[in-house]
Amino acid sequence: MKNGSRISKEEVLHIARLARLSPSPEEIDKLTREMDSILGFFERLKEIDTTGIEPTSHAVELTWPFREDEARPSLPVDEVLSNAPERGKGMFKVKKVIE
Amino acid sequence: MELFRLTIHELNELYREKKASPVEVTRQVLSRVEKLDPEIHAYLTVTADSALKEARDAEERFSRGESRGLLDGIPVGLKDIFLTRGVKTTCGSRILENFVPPFDATVVEKLRSQGAVFPGKLNMDEFAMGSSNENSGFGPTRNPWDRERVPGGSSGGSAAAVAADECVAALGTDTGGSIRQPASLCGVVGVKPTYGRVSRYGVIAFASSLDQVGPLAKDVEDAAIMLQAVAGHDPRDSTSIPQPVPDYRKSLRAGVKGIRVGLAREYFPPGLDLEVNGVVQDSVRLLEKLGARPVSISLPHTDYAVACYYIIAPAEASSNLARYDGVKYGLRSSQGKGLIDTYFQTRTAGFGHEVKRRIMIGTYTLSSGYYDAYYRKAQAVRTLIRRDFENAFKECDLILTPTSPTPAFKLGEKTTDPLQMYLSDIFTIPVNLAGLPGLSLPGGVSRTGLPIGVHLIGPPLGEEKIFSAAYALESEIKWERRIPEL
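Sequence order for the protein chains is B and W.
Position one of the first sequence corresponds to residue 0 (numbering that gives the first Met the number 0), numbered consecutively onward.
Position one of the second sequence corresponds to residue 0 (numbering that gives the first Met the number 0), numbered consecutively onward.
It is possible that part of the hints are untrue.
[To be verified] Each computed DSS-like pair below joins lysine-lysine, with the alpha-carbon atoms no more than 27 Å apart: (1) W:52 <-> W:87; (2) B:88 <-> W:87; (3) W:336 <-> B:92.
Simulated from the structure, these hints should not be mistaken for lab results.
I would like the entire structure built from these sequences, with the hints used as guidance.
Encoded structure:
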């Protein structure tokens with residue numbers, strides 16, 4: 000596939016919305032160019048036949064450990080909220096969700 | 000006496016013999032930082048007051064004969080990816096510019112309980128995404144060997160600080176080479192342990208199935224001491240390995256007699272930098288002289304590793320970085336109209352371009368319709384890369400490769416082409432995909448006076464074998480630290 004045909008500006012905008020990013024028109028142009036070239040680089044993986052190959056999600060095989068469901072001390076609310084941009088009544092405060 | 004130049008094991012000996020004091024060493028390291036760091040910019044935060052207090056506590060312990068061990072009173076730098084209670088932790092990002100964690104990472108807790116002194120937090124590529132430290136949200140670190148050049152990344156601040164004696168040793172993280180590549184470019188020792196050997200609890204996540212914590216140090220023995228201090232199972236990290244941690248220092252003098260050292264043809268491509276190749280070949284000869292046996296091996300899927308990595312790592316990153324939304328911590332943009340808009344404004348203002356692009360790539364490859372073609376495919380290729388190593392380790396005990404295809408490059412040299420930058424991790428990335436331990440140690444210096452690292456790869460939990468070979472090699476390599484004084 001030649002350059003400039005793997006991903007369109009519209010797709011880049013759609014992906015940006017999913018990722019909660021609002022790139023400027025210049026950034027969209029740059030991202031479209033760069034993503035096109037990176038997706039082109041990924042094409043080489045198509046050369047490999049992976050039928051029947053199970054995926055690796057973690058490199059070392061572990062059995063997932065179980066533990067007793069016991070209450071343990073957690074951080075005081077005040078410390079948990081200490082980095083909150085806005086707080087109130089022991090909670091994180093955000094802008095209105097439903098208009 | 001220039002105590003700041005010494006290693007952990009040398010300082011510990013002086014401490015025990017009361018020939019040097021932790022306070023004196025810490026003062027020297029701090030004044031070194033004050034003198035050099037305006038140029039090098041290895042530090043993002045310097046915690047001089049608390050470091051001196053920690054040093055005084057250590058000194059008291061030594062005077063009472065109650066030392067906590069090898070790291071007691073040793074100034075250890077921390078990459079700014081490790082959460083430190085009460086000390087700002089930015090991960091190199093403007094989005095965390097004012098974040099002050101309410102708890103310590105497990106590795107910080109461990110170092111603290113062993114008496115380490117913390118002079119500060121070290122510069123890095125934003126969210127550990129980069130190979131040059133040019134992606135730091137707070138300005139790049141410069142290579143102490145040549146200030147026009149990069150220190151490597153993403154643990155570039157850690158490598159530069161150790162190289163310039165701005166700390167005695169440091170902790171970094173390695174997702175695709177982020178400890179070993181900067182170690183190579185700055186002429187220090189760097190270790191990426193087996194995936195799961197060190198707890199990731201309290202380490203800001205980039206790509207969770209690849210991230211691993213490890214040391215950067217002045218020599219192999221110090222690297223072994225540092226890994227010893229932080230390794231081990233942690234109930235708070237369910238991916239940490241339950242196997243007991245061996246005594247790494249014991250393995251140092253085991254030698255390499257009869258060890259089969261694998262040389263994979265795929266790691267010596269025709270265009271490889273001649274000096275890099277020369278340094279690796281010198282190491283092969285030295286190992287042979289010491290009784291090791293070089294064997295030719297093949298890792299046939301090497302050529303696909305970078306593409307595989309640049310699908311898997313951004314996919315995991317796009318998910319991990321969803322948490323930076325301006326609600327619980329970090330930057331919140333005041334421009335947002337309503338909650339959703341606040342997410343958009345905050346993330347757009349807070350992330351740098353490289354991070355945004357990786358989030359975009361990851362979101363794309365995980366989005367419906369593309370998941371099988373990219374992410375699932377890359378995970379299957381990952382299996383093949385892992386099997387390459389499994390097969391190779393039937394024929395050899397260790398693998399020797401270059402760490403980085405070139406010595407340190409100039410600032411700005413690779414910033415315009417992301418793929419060029421990505422390829423500087425070509426020899427380190429497969430090791431993360433396979434979850435193996437890897438170590439870079441200084442192998443020599445280029446004609447232009449830049450350090451060149453050699454890379455040892457071991458089988459899962461093969462850290463001891465790597466340390467034995469690295470220690471043997473280190474004592475044979477004619478190595479001279481030639482950092483120009485600033």
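Against the structure, the hints:
1. With a C-alpha separation of about 18 Å, the suggested pair residue 52 of chain W and residue 87 of chain W falls inside the 27 Å cut-off, and the hint holds.
2. For the hint pairing residue 88 of chain B with residue 87 of chain W, the CA-to-CA distance comes to about 25 Å; that is within 27 Å, so the pair holds.
3. As the CA atoms of residue 336 of chain W and residue 92 of chain B are separated by approximately 14 Å, the hinted pair is consistent with the 27 Å bound.
The structure fails none of the hints (numbered hints given earlier).
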